[in-house]
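S.K.: If you want the building blocks of each chain, they are given just below.
There are 2 protein chains.
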Amino acid sequence: MSGFHQGDPDSIPGNGAQWLGCLAFTQETRVRSPATEPSFCPLLHFFIFAWPWRMTISPISDAVVYVVLTLGNSARCFRGVHRKSQPTEFNPQKSQSNKLHAPKPLNRTQSRDSPKLCQLQPFLPPLVLYPLSFHHPLCFLLCSAEMASTTLICDTEPWKDLKAHVEDFKNTHLRDLMNDKERCQSMMVEFDGMLLDYSRQRATLETMDKLDKLAEAASLKQHINRMYSGEHINSTENRSVLHVALRAPRDAVIYSDGKNVVPDVWNVLDKIKAFSEKVRSGSWVGATGKPLKDVIAIGIGGSFLGPLFVHTALQTDPEAAEFAKGRQLRFLANVDPIDVARNIAGLNPETTLVVVVSKTFTTAETMLNARTLREWISSALGPCAVAKHMVAVSTNLTLVEKFGIDTNNAFAFWDWVGGRYSVCSAVGVLPLSLQYGFPIVEKFLKGASSIDQHFCSAPFEKNIPVLLGLLSVWNVSFLGYPARAILPYSQALEKFAPHIQQVSMESNGKGVSIDGVPLPYEAGEIDFGEPGTNGQHSFYQLIHQGRVIPCDFIGIVKSQQPVYLKGELVSNHDELMSNFFAQPDALAYGKTSEQLLKENVPQHLIPHKTFSGNRPSLSLLLPSLNAYNIGQLLASYEHRIAVEGFVWGINSFDQWGVELGKSLATQVRKQLHASRTKGDPVEGFNFSTTTLLTRYLEASSDIPADPPTLLPRI
Amino acid sequence: MSGFHQGDPDSIPGNGAQWLGCLAFTQETRVRSPATEPSFCPLLHFFIFAWPWRMTISPISDAVVYVVLTLGNSARCFRGVHRKSQPTEFNPQKSQSNKLHAPKPLNRTQSRDSPKLCQLQPFLPPLVLYPLSFHHPLCFLLCSAEMASTTLICDTEPWKDLKAHVEDFKNTHLRDLMNDKERCQSMMVEFDGMLLDYSRQRATLETMDKLDKLAEAASLKQHINRMYSGEHINSTENRSVLHVALRAPRDAVIYSDGKNVVPDVWNVLDKIKAFSEKVRSGSWVGATGKPLKDVIAIGIGGSFLGPLFVHTALQTDPEAAEFAKGRQLRFLANVDPIDVARNIAGLNPETTLVVVVSKTFTTAETMLNARTLREWISSALGPCAVAKHMVAVSTNLTLVEKFGIDTNNAFAFWDWVGGRYSVCSAVGVLPLSLQYGFPIVEKFLKGASSIDQHFCSAPFEKNIPVLLGLLSVWNVSFLGYPARAILPYSQALEKFAPHIQQVSMESNGKGVSIDGVPLPYEAGEIDFGEPGTNGQHSFYQLIHQGRVIPCDFIGIVKSQQPVYLKGELVSNHDELMSNFFAQPDALAYGKTSEQLLKENVPQHLIPHKTFSGNRPSLSLLLPSLNAYNIGQLLASYEHRIAVEGFVWGINSFDQWGVELGKSLATQVRKQLHASRTKGDPVEGFNFSTTTLLTRYLEASSDIPADPPTLLPRI
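Protein chains in written order, with UniProt numbering: chain A, 1 to 714; chain B, 1 to 714.
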């Protein structure tokens, strides 16, 4: 992107921007700094040349430059990204704009008193400013977004240093690194019962030192602070990112836009506590007077995977299971009617409560599923039953009411909660409290909160999420591994990988920096995984002898469901954990042809039975798997993913990549409607899509144009 | 690997080997071909030089060379792989061996009458053979494995040609390719109701032509034929690969080791039909006289994921669901006792039948789970109940009987069925027949068989599995995409991706060629996926704007569970399918900043809302999703993965990579036993593992050394 384009004055970065100062372009300016003697203004990081008709400003670093042209008491804002070898020119006379705005008051961070200085690199060509006319008094206000984000991290010394450092591992095998006791000892970190062992990463103490410098160059600490202090770090949506506030103690103070949000959070939590107790105790009953023992939560993406993960993990926890006796919790996400059939199978509307989760109450899948279950309820119990059997987690009270849900039964969350980070909001807390009771869910929130404290306060070398994040950056951006396997040795964590797959790939699967600069490196990794030992009999073959895929091994000291059989060598859980302890060494050490020769393996099998080893992994050991530990695990991964995004210099909190498919689906939907009802031919698509759509319509042409309402037969 | 090592004469390749001939090393030889005039033997593809004390043989292609040194009527076999720049020398006097074996008779394919000629490349250095002594008459028999597999595919012209061809796509965007109607038309293939559209692959007709040449260079057709004709293409386990025989019609004839295996297959199928009907009809009852309505199938890996996928897909098929009324089928795979708890929760041993699936009846996880459920049954119903409530799918009748299962209730499968290809054997057919009745499962087998016929008979340009396989090789080995997303737009196919992840990553996640030559290219891809539309709200962000991941979109014309709501624009299934049709174009076309500017998107958001497009995908449209279609889908992917392996020149049917972890786990298991029972300190592990193990033992030290039997409390 080069050149200046008109924007809205609101797009001048507020929080986090670096105010570079103000230039009065008047005759005086020219007199003060004639072309013959360029003057340097250190505060501005700008060289200023002046001519009668033209002022040249050479920012000596890459920067996003905002120019506010003021005329009298009105202003016009322009924005441009300065990149190496991209000439940038601003000439109000050439500009297309006619709009005029009142000048925006400068906020604290925009005052000249607090300039953030940082490493600057030589920059050319210059930014050229033209006055409207020689005689017209004119003022340019210039500010640039924070350098740390406008300068790509790959342009910094620590990044280049790490790139070079990779060479040091060409001839270093993990076998050798594992012999260094001191190294291994310092690569074990513990917090609040969680033990992280990253000694099987292809990293030395020197690597960790260089990663620490990288974190510094990326202003990681500042980014974390800005997140916790409610700054609008989700700049493309102009929102703060405060899922940490969702699990903050009642007396905590966390500001968003000048307002402490913690009381709002606890108002909703208290409301959920009261409501879930009413439902669970049977004092809230359905339309026919029966208690509501089954819950279907409708939501997709973050409103689905997070709560599903926690539910699956709690299901076999003895304490949680005790509170869930006689109750069922199901999740309806896919717009596929088959998912509706699976969810209502065996359930009775009379005893079912439906929770509709959609922030805007407009999510296509969720709302169609909501209308489908509304039909399921009202066709069985009459339309009035809806208010008794359906509640909402949403902020759009108008649509909630329009849908037929009592707005008193709408549970709020906030713009500063991203969908994939919303499991600790009403999105997850309501359905989980209905199933397990609020006290269990509160434990889960406390576990997450414990990691939140750790993340924002612990020094990086002892900070588990930071270490996890930096090591992932090392694996992805320097060692070049595109994927990461999440391997929990607990069937209760069956849905952990799918949830983290979403949090990670939606957060960091970006192609541009937070300032819109295309990334010369790849951000984000491919996350996948299944519980051990199942995975061992599935994709581990590739992990051991095929591509190198860094692995997260997650183990639990005490099983939720211990089983011992008389006469067995070990307990079932010890049998499981034997694999948890064995796999990381198998990956790290491998097996050489020499070892195989000693075992008299037939020559022609030796290459097939050889393991190269040198495959990185890390091990995370949790004392148990109760609600509290589940919260710890969730928060550790949420923050790890944020750390990666902060270092890569991207916005981990937006998701523009999901929009295009939605809009194209709308076009197809219209076509299907027009073809089925009016027999319109398929038009406006490419040949392939036209052919497939036509084929689809023909093959299903026996479906009546306007069929009667039909619900699943199962 | 260089030099010759002694092997077993049995390791002389039989089927598929190319007999290069016999050299009598005698005085006459020397006389016939003096050093001064090298003679060339075309049949042998060998240059022969002779000196008084030494005979030099220069194979002019890479080859696995077997030398059988015969002395009188005894023989000794040696094997070596000839690779460029790897000197190979054989000197019986230097050899360590003392063992002597009777010479192996040469079988048909080893006769000199049928030499397969193929492209040969100049080769040096020579293979040098030394006689035992100048005066000793001596005979060398030389044969080499088939060239197609000993010459790495990357050394062939078609491979190099495709490598160069990639350049042609540097400036070609899918947007442009999609405008070529003729191209798109020829990139749609149909068979038996299945429609494949691969027009959104980054490929031209020229690419397909080059891939066809690659297939030829890889002898793909011969490999397929050898699989169907029961040759031991799983050479490292010396087994044939005949899962196609599992679904062959009763009157088909498929040989393995000279025996038609189809009758054996149908004997087992008939036995399953009879047994499942007995159980379903209630004529077979449990120990307390109650019918067995619930089934728990214990198995892991292929004995788990395949049957689970088919079960999940059939569950919502109206016809199958009808036959399953009142019955439950569950799968116990993980050795984690939590998985036991989840499986027995809500079940009554009196009405439960347990199917233990393990070929050898020694699989650690499966057998411990089997013993656990045996305890669950016998503790409730007495030990005699086991014979009534447990059956086996295994070939090891001794262990089956020892376990307490009536061998009449053991259902066989065969060495030529790999675990991950076993869903069509008793492994899947028994539990599925118990749940849905044999006729439904027979439909499933018929669907798979239909694709089997297609795969072995259709010309490559119309052969769906071959096209799928070749395009994957193109994406992985030439375009360099390490992963593949499997995106079925059907919730019923929820478990399809996990199953294919196993079949693909375990089959092709290899580091050496079938002859043990380390691969200079990566084989196998990372397979993952979730059903659409769920995935769209999860990892699609990365797929659209982050890394390029080729996608398989799988759509169904007619839903298993159609839902219509009065007043909706389209049916729920049409809503689902709108996304199926929209996503591939979103990935292919993307969205440019020009388009966004036209939509007046604020300048600072344009880079974030830009989609590069040019992201490949393919679309597979099935008419419906009944047992037959599920079989088609399974077989298409099984064969696609085989095609990839055949082209890469690897053994897709072994899985040595899973062994090392197992053996290390045994060491840990012993340690845990010794520490818990005798308080032994942790010894024989590296520092990290010792620390973690010690921590684990200490944190769980309150577990008694030899606890009483305990089953899940849930």
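Hints were generated in silico from the structure; no laboratory data involved.
Careful, some of the hints might be misleading.
Put simply, identical chains are the same to the list, so a pair is met inside one copy or across any two.
Below are the BS3-like pairs computed for lysine-lysine, each with C-alpha atoms no more than 25 Å apart in a straight line [to be verified]:
{"#": "1", "residue 1": "Lys-221", "residue 2": "Lys-678"}
{"#": "2", "residue 1": "Lys-213", "residue 2": "Lys-388"}
{"#": "3", "residue 1": "Lys-290", "residue 2": "Lys-213"}
{"#": "4", "residue 1": "Lys-678", "residue 2": "Lys-290"}
{"#": "5", "residue 1": "Lys-443", "residue 2": "Lys-402"}
{"#": "6", "residue 1": "Lys-325", "residue 2": "Lys-293"}
{"#": "7", "residue 1": "Lys-293", "residue 2": "Lys-670"}
{"#": "8", "residue 1": "Lys-670", "residue 2": "Lys-598"}
{"#": "9", "residue 1": "Lys-462", "residue 2": "Lys-388"}
{"#": "10", "residue 1": "Lys-388", "residue 2": "Lys-278"}
{"#": "11", "residue 1": "Lys-443", "residue 2": "Lys-170"}
{"#": "12", "residue 1": "Lys-662", "residue 2": "Lys-402"}
{"#": "13", "residue 1": "Lys-662", "residue 2": "Lys-443"}
{"#": "14", "residue 1": "Lys-325", "residue 2": "Lys-446"}
{"#": "15", "residue 1": "Lys-221", "residue 2": "Lys-670"}
{"#": "16", "residue 1": "Lys-662", "residue 2": "Lys-598"}
{"#": "17", "residue 1": "Lys-558", "residue 2": "Lys-670"}
{"#": "18", "residue 1": "Lys-293", "residue 2": "Lys-443"}
{"#": "19", "residue 1": "Lys-388", "residue 2": "Lys-566"}
These numbers come from a predicted model, not from an experiment.
S.K.: Against this structure, judge whether each hint is valid.
M.R.: Results of checking the hints against the structure:
1. Lys-221 with Lys-678: The answer is neither: 60 Å in one copy and 49 Å across copies each exceed 25 Å.
2. Lys-213 with Lys-388: neither (57 Å within a copy, 67 Å between copies)
3. Lys-290 with Lys-213: The answer is neither: 62 Å in one copy and 70 Å across copies each exceed 25 Å.
4. Lys-678 with Lys-290: neither (45 Å within a copy, 57 Å between copies)
5. Lys-443 with Lys-402: For Lys-443 and Lys-402, neither the intra-copy (35 Å) nor the inter-copy (48 Å) Cα distance is at most 25 Å.
6. Lys-325 with Lys-293: both (10 Å within a copy, 24 Å between copies)
7. Lys-293 with Lys-670: This pair counts as neither: shortest intra-copy Cα distance 39 Å, inter-copy 46 Å.
8. Lys-670 with Lys-598: between (69 Å within a copy, 23 Å between copies)
9. Lys-462 with Lys-388: neither (50 Å within a copy, 57 Å between copies)
10. Lys-388 with Lys-278: within (13 Å within a copy, 47 Å between copies)
11. Lys-443 with Lys-170: neither (46 Å within a copy, 54 Å between copies)
12. Lys-662 with Lys-402: This pair counts as within: shortest intra-copy Cα distance 24 Å, inter-copy 59 Å.
13. Lys-662 with Lys-443: neither (37 Å within a copy, 37 Å between copies)
14. Lys-325 with Lys-446: within (24 Å within a copy, 44 Å between copies)
15. Lys-221 with Lys-670: neither (49 Å within a copy, 45 Å between copies)
16. Lys-662 with Lys-598: Result: close only across copies, 19 Å inter versus 60 Å intra.
17. Lys-558 with Lys-670: For Lys-558 and Lys-670, the Cα distance is within 25 Å only across copies (19 Å; inside one copy 55 Å).
18. Lys-293 with Lys-443: within (22 Å within a copy, 39 Å between copies)
19. Lys-388 with Lys-566: Between copies only: 23 Å across, 51 Å inside.
Against the hints set out earlier in the document, violations occur for numbers 1, 2, 3, 4, 5, 7, 9, 11, 13, 15.
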